[in-house]
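Given chain A's structure and the hints, the job is docking chain B onto it.
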Amino acid sequence: MAQSLSATPLAAATEGVANDVALGRKQAWRILIADDHEAVRRGLRSAIIGMGWQVCGEARDGKEAIEQARALNPDLVILDVSMPVMSGLEAAPQILQSAPRTKVVAFTMHESQQMKDEMAKIGVHGFAIKSAPLAQLLETIRSVLAK
Amino acid sequence: MMKSLRILLADDHDLMRRGLKAMIETHPGWEVCGEAHTGKEAVAKAEQLKPHVAVLDISMPEMDGLEAARQIRKNFPETEVLVLSMHYSDQIIREVVEAGILGYVTKSESDRDLVLAVEALANHKPFFTSHATELMLTNLSAAGGSFRRGSSDVKERLTPREREIIRLISEGNSSKQVASALGISVKTADTHRANIMRKVQVHTVSDLVRYALRNKIIEA
Numbered sequence: 073m074a075q076s077l078s079a080t081p082l083a084a085a086t087e088g089v090a091n092d093v094a095l096g097r098k099q100a101w102r103i104l105i106a107d108d109h110e111a112v113r114r115g116l117r118s119a120i121i122g123m124g125w126q127v128c129g130e131a132r133d134g135k136e137a138i139e140q141a142r143a144l145n146p147d148l149v150i151l152d153v154s155m156p157v158m159s160g161l162e163a164a165p166q167i168l169q170s171a172p173r174t175k176v177v178a179f180t181m182h183e184s185q186q187m188k189d190e191m192a193k194i195g196v197h198g199f200a201i202k203s204a205p206l207a208q209l210l211e212t213i214r215s216v217l218a219k
Numbered sequence: 074m075m076k077s078l079r080i081l082l083a084d085d086h087d088l089m090r091r092g093l094k095a096m097i098e099t100h101p102g103w104e105v106c107g108e109a110h111t112g113k114e115a116v117a118k119a120e121q122l123k124p125h126v127a128v129l130d131i132s133m134p135e136m137d138g139l140e141a142a143r144q145i146r147k148n149f150p151e152t153e154v155l156v157l158s159m160h161y162s163d164q165i166i167r168e169v170v171e172a173g174i175l176g177y178v179t180k181s182e183s184d185r186d187l188v189l190a191v192e193a194l195a196n197h198k199p200f201f202t203s204h205a206t207e208l209m210l211t212n213l214s215a216a217g218g219s220f221r222r223g224s225s226d227v228k229e230r231l232t233p234r235e236r237e238i239i240r241l242i243s244e245g246n247s248s249k250q251v252a253s254a255l256g257i258s259v260k261t262a263d264t265h266r267a268n269i270m271r272k273v274q275v276h277t278v279s280d281l282v283r284y285a286l287r288n289k290i291i292e293a
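Residue numbers (my numbering), protein chains in the order written: chain A, 73 to 219; chain B, 74 to 293.
Next comes chain A alone, as it looks inside the complex (with noise of 0.2 Å):
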């Protein structure tokens, strides 16, 4: 796999997604976005749609998240730790359970280890703050994606 030589996590989300077209990897992704803040997901609509990927579905609680994925069934889930009827935390196994294939980014305003350790417990497959630059969360996702 190509490496990536560039110097921003923006670049090199870029970069890394031209790597994954050249080497014929899915590029397409289909995202599943869950968050309670209606200007969070708009935000993060417009940005996986700026990479070239597709946002198949949007939830606002944790219930929701659980029901999209097992019927979008989606490459990825960004899953905001904090909602309301059902937290993250909480609809993050049943999510990972009945979508085996769908893997999930955990998302939330502040960096905790605690957290992290208790989403990795989870089986999780990556940690993103709400608060990190646009670029940062990007990557995470792509890089999650493609391993």
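Watch out, some of these pointers could steer you wrong.
Here are the computed distance ranges between Cβ atoms for each label pair [what the hints assert, rightly or not]:
1. R142/A to D280/B: 26 to 36 Å
2. R271/B to N145/A: 52 to 62 Å
3. E207/B to S203/A: 28 to 38 Å
4. R271/B to S170/A: 50 to 60 Å
5. V157/A to L286/B: 20 to 30 Å
6. L189/B to R142/A: 34 to 44 Å
7. P233/B to S203/A: 29 to 39 Å
8. Q185/A to D263/B: 37 to 47 Å
Covered stretches of chain B (in silico footprint by chain A; criterion: 3 or more residues with CB under 8 Å from a CB of chain A, positions within the stretch not fixed) [said to hold, decoys possible]:
9. 81-92
10. 174-184
Think about it this way: if two alpha-carbon atoms lie no more than 35 Å apart in a straight line, the pair counts; the simulated DSBU-like pairs of lysine-lysine are [stated by the list, open to error]:
11. K113/B to K188/A
12. K272/B to K118/B
13. K188/A to K249/B
14. K188/A to K135/A
15. K198/B to K113/B
16. K193/A to K289/B
Because the hints were derived from the structure by calculation, they are not lab data.
Note that the Cβ used here is the ideal one computed from N, Cα and C, for glycine as well.
Quick look at chain B alone, frame taken from chain A:
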């Protein structure tokens, strides 16, 4: 009705800014004429772009949204300001009202209230949600008609510089790092720190962080 409404967006989180922009630009005739990552940049762009409405996140580096809002309202009175925060706080509401800012919405309510708020402000009308209004009225009634100070622990109001220093300390910065971030001497940073701890009546950094969380100077 204005032909084109020009809106300045200020939030230090890329994702939130992008999402707010998408929400605003689905409204016909509205355009995001500029974006800022810090309060300081927001004030500079308000001067340069003269937007009709400035939407400011309250928690930003290099001058928080409240101080930026005060400066924009003072220097560019034609620009209305909408302040966004993660959670409600008595202190924030008090400061918003006292600064002459007509709009305040929490981010969790922005889904339904952002557009309504911008519409109201575009017509120079105030926009506060029913929850914010209830908090304001409770404050007024409890204080016998005048707006009571947010926390009974604070005998003197914190200055914008002090609020910034609290934020930096809460993020784990040493006095040297605080001094470097603000372009002041370490001794001045230490003096500020001592004054802040005296004002808010705490003795440790942990207590200061708890104070900052309780009063929404930082967000959990």
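*Cβ contact check, 8 Å cutoff: the stretch 174-184 of chain B against chain A, three residues minimum*: With 4 residues close enough to chain A, the hint holds.
*Is the Cα-Cα distance between K193/A and K289/B 35 Å or less?*
holds, 32 Å
*Within 29 to 39 Å or not, the Cβ separation of P233/B and S203/A?*
Hint violated: Cβ distance 22 Å, outside 29 to 39 Å.
_Hint check: K198/B vs K113/B, CA-CA at most 35 Å. Holds or violated?_
holds, 26 Å
*Mind checking the hinted window 50 to 60 Å against the Cβ distance between R271/B and S170/A?*
Given about 56 Å between the Cβ atoms, the range holds.
*Indicate whether the distance between the beta carbons of E207/B and S203/A respects the range 28 to 38 Å.*
Taking Cβ atoms as reference, E207/B and S203/A lie about 30 Å apart, which means the hint holds.
*Is it true that the C-beta distance of Q185/A to D263/B lies inside 37 to 47 Å, as the hint says?*
Taking Cβ atoms as reference, Q185/A and D263/B lie about 30 Å apart, which means the hint is violated.
*asked:* Tell me if the beta carbons of L189/B and R142/A are separated by a distance inside 34 to 44 Å.
replied: holds, 35 Å
*At the C-beta level, are R271/B and N145/A separated by a distance inside 52 to 62 Å?*
At roughly 59 Å between Cβ atoms, N145/A and R271/B fall inside 52 to 62 Å, so the hint holds.
*Assess, step by step, whether the Cα of K188/A is no farther than 35 Å from the Cα of K135/A, and give holds or violated.*
holds, 21 Å
*Residue count check for the stretch 81-92 of chain B against chain A: does it reach three with CB-CB under 8 Å?*
holds (count 8)
*Could you see if the CB distance from R142/A to D280/B stays within 26 to 36 Å?*
violated, 47 Å
Violation of the numbered hints given earlier is confined to hints 1, 7, 8; the remaining hints are satisfied by the structure.
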